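Participant: Sequence:
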Amino acid sequence: MINFAKSRVRSLGWIAVIGAAAGLAASAGAQRRQAYAYQSGQDIYEHVCQGCHMPDAKGAAGAGIYPALANNAKLRAPLYPVLVILRGQKAMPSFSELDDAQVAAVTNYIRSHYGNSGPGEVTVEQVKDLRSKAVTGKMLRPG
Numbered sequence: 001m002i003n004f005a006k007s008r009v010r011s012l013g014w015i016a017v018i019g020a021a022a023g024l025a026a027s028a029g030a031q032r033r034q035a036y037a038y039q040s041g042q043d044i045y046e047h048v049c050q051g052c053h054m055p056d057a058k059g060a061a062g063a064g065i066y067p068a069l070a071n072n073a074k075l076r077a078p079l080y081p082v083l084v085i086l087r088g089q090k091a092m093p094s095f096s097e098l099d100d101a102q103v104a105a106v107t108n109y110i111r112s113h114y115g116n117s118g119p120g121e122v123t124v125e126q127v128k129d130l131r132s133k134a135v136t137g138k139m140l141r142p143g
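Note that the numbering used here has the sequence shown beginning at 1, numbered continuously upward.
Where hints are given, some of them may not hold.
[As the list claims (entries may be wrong)] Computed beta-carbon distance windows for the label pairs:
#, residue 1, residue 2, range
1, 135, 61, 26 to 32 Å
2, 120, 64, 27 to 33 Å
3, 62, 124, 32 to 38 Å
4, 129, 61, 31 to 37 Å
5, 56, 135, 27 to 33 Å
6, 58, 128, 27 to 33 Å
7, 62, 123, 32 to 38 Å
8, 89, 39, 21 to 27 Å
[Stated by the list, open to error] Heads up, simulated DSS-like pairs for lysine-lysine below, C-alpha to C-alpha not over 25 Å straight-line:
#, residue 1, residue 2
9, 74, 90
10, 90, 128
11, 133, 74
12, 74, 58
13, 90, 133
14, 58, 90
15, 74, 128
The hints are simulated quantities; they were obtained by calculation from the structure and are not laboratory data.
Predicted model only: the values in this text are computed from it and were never measured.
All C-beta atoms, glycine included, are put in the ideal place defined by N, C-alpha and C.
Based on the provided sequences and hints, a complete structural model is requested.
Facilitator: In structure tokens:
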């Protein structure tokens, strides 16, 4: 009878450990999905991008070279900035942890501000399609 009770307690202990581990994993997954809580293109630019590209989007040079986004002819191509954001470029890291809506929002923001006037808007569907190609490496890195 005692062995049965010990066995049952051990089983319950393992269930508790596994449950706790699953809870931590789910919590970590939720945090990963919410790496950046900003939703508007302006908020994403101001909190994620302007640290390197500067508040006026004119870029900077110092410890590295941070290209200007202001008056940038490359931004006329709608999917070019999407690919750069998803894959990174040269010293710029990937920001693939931004979700599709966030990537579309910040892309549309930089393409329509700072002296840029890229035609059309990038859609969430376009970002989603490009992400699958960019992440699997089926598309060359820009630049």
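Participant: State for each hint whether it applies.
Facilitator: Right, here's what the structure says about each hint:
1. 135 <-> 61: 26 to 32 Å: At 30 Å between Cβs, range holds.
2. 120 <-> 64: 27 to 33 Å: holds (31 Å)
3. 62 <-> 124: 32 to 38 Å: holds (35 Å)
4. 129 <-> 61: 31 to 37 Å: holds (35 Å)
5. 56 <-> 135: 27 to 33 Å: Because 32 Å falls inside the window, the suggested range holds.
6. 58 <-> 128: 27 to 33 Å: holds (31 Å)
7. 62 <-> 123: 32 to 38 Å: holds (36 Å)
8. 89 <-> 39: 21 to 27 Å: The hinted range 21 to 27 Å holds for residue 89 and residue 39, with Cβ atoms some 24 Å apart.
9. 74 <-> 90: With Cα atoms ~16 Å apart, residue 74 and residue 90 stay inside 25 Å; holds.
10. 90 <-> 128: Answer holds: residue 90 to residue 128 is near 23 Å, not above 25 Å.
11. 133 <-> 74: holds (20 Å)
12. 74 <-> 58: holds (14 Å)
13. 90 <-> 133: OK: residue 90 and residue 133 at ~19 Å, within 25 Å.
14. 58 <-> 90: The given pair, whose Cα atoms are some 18 Å apart, holds under the 25 Å limit.
15. 74 <-> 128: Holds, at about 21 Å.
Consistency with the previously given hints is maintained throughout, with no hint failing.
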